[in-house]
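Trainee: Sequence:
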Amino acid sequence: MLIKKGLLVYTPTEVAAIRLAAAAAALAPFALLRLHRVKGKQWLVLLSVGMTGSLLPAFLFAFAQTQLDSGVTGALNALTPLFTLIVGALFFAQRIAPKTLVGLSIGFAGTALLVLIQGSGELSLNAYALFIVLATICYGLNLNFIKQYLPNLSPVTITGVSLLMVLPVAIIYLAGPGEVGTKLSAASDMQAWWSLAAVIALGVVGTALALILFNHVVQIANTTFASSVTYLIPIVAVSLGLLDGEIITLFQVAGMGLILVGVWIANRQSSKPIAATPNQVGASEAAR
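Per the working numbering, residue 46 is the first one in the sequence shown, and the count goes up by one each step.
Rather than coming from a laboratory, the hints here were simulated on the basis of the structure. From the three backbone atoms N, C-alpha and C, an ideal C-beta is built for every residue, glycine too. Among the clues, some could well be false.
Stated by the list, open to error - Pair by pair, the computed Cβ-Cβ distance ranges are:
#1 D289 / L161: 21 to 29 Å
#2 Q112 / I280: 40 to 48 Å
#3 V250 / K84: 25 to 33 Å
#4 A142 / G290: 37 to 45 Å
#5 P143 / G290: 39 to 47 Å
#6 A157 / N197: 21 to 29 Å
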């Protein structure tokens, strides 16, 4: 919803750059104090976390929502647990049970409905929906990176330092081709300022604060349990979309339903938090 409000005035790249800059600025004081805690190969992992968890999704979501309603975007975001499982199986030797495969198949059937059927019911590829699919793949990678390689760093360190590492991309864009300042000074009403406030709120609350909480859950539970927060995203996104005048069709409802059913089946056997390892206990204590 906040991306949607930002796009009323700013371009997708401006929305993404402002979002990243706001999130990184909010956590910069905490990140700078924690730089000494990052050791050796953790720098490369944190750069990967910044790229897959913040930088790429910020741009992908902004571009997608130029042609997608926020409700559909939220529904597609529910693919995150499925791609978390797939990435874990492909790259981190995690096992996928037969029931999980059934869940994956159902979830992707729902995705096909949202990607291939327009709001009018016509059959045609909605390429912009693929941006969200790619973003959820990034989230799947991000979750596994944090779980496997950063159990001893606190969520504030992971989030703050990873955002600080991708901040130059936002600064370079805003200092170059971006016209944020021009739009603010040339605005005949308050819309540009309201749109800017919406994107800043998205960066501070929806990126910085949310990632700290989310990364903490990743460390103390398993990745599929943590990513199951996306059960709630379609409900919130569709509700806000309806309040904002968006129209949700039966095809879209069917697609969302299949995705949620698929996620539930795929995660049913591993939806409970696993016992924390000594490293994870240490991370929890560091977070507190």
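Trainee: Given a hinted range of 21 to 29 Å, is it respected by the beta-carbon distance of D289 and L161?
Mentor: For D289 and L161 the Cβ distance comes to about 25 Å; the hint holds.
Trainee: Between V250 and K84, does the C-beta distance stay in 25 to 33 Å?
Mentor: About 30 Å separates the Cβ atoms of V250 and K84, which means 25 to 33 Å holds.
Trainee: For the pair A157 and N197, does the Cβ-Cβ distance stay inside 21 to 29 Å?
Mentor: violated (40 Å)
Trainee: Is 37 to 45 Å right for how far apart the beta carbons of A142 and G290 are?
Mentor: holds (42 Å)
Trainee: Just to be sure I understand the hint, the distance between the Cβ atoms of P143 and G290 should be within 39 to 47 Å; is that true here?
Mentor: Distance hint for P143, G290 holds at roughly 43 Å.
Trainee: With respect to the beta-carbon atoms only, verify the hint that Q112 and I280 lie 40 to 48 Å apart.
Mentor: For Q112 and I280 the Cβ distance comes to about 23 Å; the hint is violated.
Going through the hint list in order, the structure does not satisfy hints 2, 6.
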